[in-house]
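Residue numbers (this note's numbering), protein chains in the order written: chain L, 247 to 535; chain D, 39 to 522.
Treat the hints as calculated values from the structure; they're not laboratory data.
There's no promise every hint is true.
Looking from chain D toward chain L, a few residues come up when the C-beta cut is under 10 Å (computed) [unchecked claim]:
(1) F156
(2) L179
(3) A180
(4) P184
(5) E185
(6) Q198
Far from chain L, by Cβ distances over 12 Å, these chain D residues were calculated [unchecked claim]:
(7) D284
(8) V296
(9) G329
(10) Q435
(11) A510
Rough simulated footprint, nothing fancy, chain D against chain L, three-plus residues with beta-carbon under 8 Å [said to hold, decoys possible]:
(12) 292-299
(13) 344-355
Please read all numbers here as calculations on a predicted model, not as lab measurements.
Positions of the beta carbon are idealized from the N, C-alpha and C atoms, including for glycine.
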Amino acid sequence: MPADKPILVIGYGNDLRQDDAVGPRLAQTVAQWHLPGVLARAVQQLTPDLAADLAHAQAAVFVDAAASPELDAVEVSPLQPTRAIRGLAHTSDPAALLAFTRLSFGACPPAWWVKIPAVQLGYGEDLSAESQTHLDDALGQVYRLIGRLQSARAEPPSAAALPAQPQSNLDRPSTQDPHSPHSPPPTPAHTAQTALELDFTDDAKPKTDGLERWRQDRDRALAATAEKLGLPLGRNVEVWLHDGVRLRGKLELCDLELFTDTLPRSRIGLLIDNVPFTLGDLESCVRLD
Amino acid sequence: MNTPRSSPAPIRVLIDPVTRIEGHAKISIFLDDAGNVADAKFHVVEFRGFEKFCEGRPMWEMPSLTPRVCGICPVSHLLASAKACDAILAVRIPAAAEKLRRLMNLAQIVQSHALSFFHLSAPDFLLGWDRPAAERNLFGLAHADPELARGGIRLRQFGQEIIAALGGRKIHPAWAVPGGVREPLTPAARQPLEAKLPEALAIAQAALQRFREVLTQHRREIQVFGNFPSLFLGLSRPDGLWEHYDGTLRFVDAGGNVLADDLDPARYQDVIAEAVEPGSYLKSPYYKPLGYPDGLYRVGPLARLNVCRRMGSPLADAELDRFRRFGHGAVTSSFLYHYARLIEILASLERIRELLGDPELTSPRLRADAGINKLEGVGASEAPRGTLFHHYHVDEQGLLQRVNLIIATGQNNLAMNRTVAQIARHYIQGASQRIPEPLLNRVEAGIRAYDPCLSCSTHAAGQMPLQLTLFAPSGAVLDQVASS
Chain L
247 MPADKPILVI
257 GYGNDLRQDD
267 AVGPRLAQTV
277 AQWHLPGVLA
287 RAVQQLTPDL
297 AADLAHAQAA
307 VFVDAAASPE
317 LDAVEVSPLQ
327 PTRAIRGLAH
337 TSDPAALLAF
347 TRLSFGACPP
357 AWWVKIPAVQ
367 LGYGEDLSAE
377 SQTHLDDALG
387 QVYRLIGRLQ
397 SARAEPPSAA
407 ALPAQPQSNL
417 DRPSTQDPHS
427 PHSPPPTPAH
437 TAQTALELDF
447 TDDAKPKTDG
457 LERWRQDRDR
467 ALAATAEKLG
477 LPLGRNVEVW
487 LHDGVRLRGK
497 LELCDLELFT
507 DTLPRSRIGL
517 LIDNVPFTLG
527 DLESCVRLD
Chain D
39 MNTPRSSPAP
49 IRVLIDPVTR
59 IEGHAKISIF
69 LDDAGNVADA
79 KFHVVEFRGF
89 EKFCEGRPMW
99 EMPSLTPRVC
109 GICPVSHLLA
119 SAKACDAILA
129 VRIPAAAEKL
139 RRLMNLAQIV
149 QSHALSFFHL
159 SAPDFLLGWD
169 RPAAERNLFG
179 LAHADPELAR
189 GGIRLRQFGQ
199 EIIAALGGRK
209 IHPAWAVPGG
219 VREPLTPAAR
229 QPLEAKLPEA
239 LAIAQAALQR
249 FREVLTQHRR
259 EIQVFGNFPS
269 LFLGLSRPDG
279 LWEHYDGTLR
289 FVDAGGNVLA
299 DDLDPARYQD
309 VIAEAVEPGS
319 YLKSPYYKPL
329 GYPDGLYRVG
339 PLARLNVCRR
349 MGSPLADAEL
359 DRFRRFGHGA
369 VTSSFLYHYA
379 RLIEILASLE
389 RIRELLGDPE
399 LTSPRLRADA
409 GINKLEGVGA
419 SEAPRGTLFH
429 HYHVDEQGLL
439 QRVNLIIATG
449 QNNLAMNRTV
459 AQIARHYIQG
469 ASQRIPEPLL
479 NRVEAGIRAY
489 DPCLSCSTHA
499 AGQMPLQLTL
509 FAPSGAVLDQ
519 VASS
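Whole structure, please, built from the sequences with the hints as guidance.
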């Protein structure tokens, strides 16, 4: 991925409607991290102007509050441009904005959609206790996602570069955690790897050991996931999607799925040359090497 | 819905909701016994009540509170509010502060007009009035003419970047204050704006050329979309050049004759009264000497171009000459609001270029300090949609006793009603019980020419969908269509 293109985090929602503000709040916190190569935008709604920023982004992360009774935890899923084009009105639809970006600028970045459960949407500037907890969780997930995207930028994307599944609480920044994204932000001189190393708490060992151990964990997790899915991850393949699209290239897993064991199989995200699709879109997959 | 009737009777057509405008609205069209259009009403069905809930607040808060009226033109409310507070302080703000306020207002005009022209209205006249709504939108425009769509985005961004450079944020900046402004434009912020100006100018010129080309395909719309004689109101300055921030009030008629001039905005109530109509929260201001509803007048880009003598910058003046060929004295077709909007973008960019070169913009002398010296103040400035008045009464402590806001969309209310009636008369001719197919799109577009902002004018949140209903004189609904 080009090093000069930023990762764009867009948190959207109404900051006067309690939990609806959780998206902008997350974006504001990400902005305070001052991570190199990361731009965060806190906006009230998704407007067409954002297309110009999206067109020049390496990747986009949309963060929104979701008031759905079926959603009781933070959900992160790959997002594709919508196919049914109905216009951009006052409703905020990131898939439509991606489609508009692709139409206007010829391309749109790979994108993810972070949905944070919202329970109170009345007038007010305070988040509910539940939403605050979900915000902490979402910050951790976005933090790790940025780290992985930056790793992918530093190194050519490959199956070996996909992340492991660190599910322990130590890996989740929270407001109580002194190493959390809420704590004083790293200086701009900090690199992506430095940011990733903040996930490690074993201070007795040199940091390089931790990084190496993390890479090994990551490789093991990838191998386990590949076996579970029965897909030739990391190999050159030709896939046919149900809508007739054919893709050739190295098959990779959208790393987020490594964190969500409960995700339905059809929604597991895959990538070929940064073109995202889901396992549900897959009609056939033939290994070429 | 179609309710049959036994004998010819007046009918009311209701368009609800109106789309691609800012806020909620519906339109009723009333037919007479012969089935011809008798009248039309544009209803605004949401109420926000800013004027009321500001009462009791300290005057000093108003430049922070009132931009919350609208997410599209917060700068307009910010500036009109700050000017009303200046009047209560009885101060003349420092020259640098006025230049900075002017710069922000120009940026506001650029970004708001770009939204209206490129995002909301261009799909109609570039893609065709009768294309399905699912295609006649910003996506359709991006598909048909991606360069134009990109241009609109970049132009709007440019305006917003100036606002952000001055006020610290693109929306709801609390930067202008009673007596001046908080911050200057830093040299570091000015440089990237100067660098982007040539591209913005090129986009505006290309859009004007494109619009002139398509105008030949829309002769009927020029004739039918609100083409009637009326008065026009705008701010003017002694040299007759296009004005957007200060000056005095000027009314001109359809012949371009000056009807009233050099009126102090603080005395707007001498010439403007506000009527309230049942069925709408939108007030209907009118020109007092002609009474209601004969005192119908229009504000906004079309009015400002009719009120001024010249634009005062070379590119915009050359375009004004072409624009004026569409009128005899004044240009009277509301369809040409779009043309006027583009010319104002060009003029704003030329003035921004001039202002960015002014060393005074970085001056630290930005605010006049004073206490409450008058118990009443009026602030008037040109918002993108037209002349905006903020009128405050305060007590000795500066607490607001009474607030009156006269918004551009309200001032265009009577003209919008007349525009809808004119379009409906063209498409409903005799004994129709149904809404003809082309009517909905064109009535919507006729309203959209004014770029109404209902958030501002009713002081509305959420979706902005249009419902059109056809009513019999008995009040029975004969037909109803809605856009999604």
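Hint check results:
{"no.": "1", "hint": "F156", "in the structure": "holds (9 Å)"}
{"no.": "2", "hint": "L179", "in the structure": "holds (9 Å)"}
{"no.": "3", "hint": "A180", "in the structure": "holds (4 Å)"}
{"no.": "4", "hint": "P184", "in the structure": "holds (5 Å)"}
{"no.": "5", "hint": "E185", "in the structure": "holds (9 Å)"}
{"no.": "6", "hint": "Q198", "in the structure": "holds (7 Å)"}
{"no.": "7", "hint": "D284", "in the structure": "holds (29 Å)"}
{"no.": "8", "hint": "V296", "in the structure": "holds (39 Å)"}
{"no.": "9", "hint": "G329", "in the structure": "holds (38 Å)"}
{"no.": "10", "hint": "Q435", "in the structure": "holds (27 Å)"}
{"no.": "11", "hint": "A510", "in the structure": "holds (32 Å)"}
{"no.": "12", "hint": "292-299", "in the structure": "holds (count 4)"}
{"no.": "13", "hint": "344-355", "in the structure": "holds (count 6)"}
The structure is consistent with each of the numbered hints, conforming to all of them.
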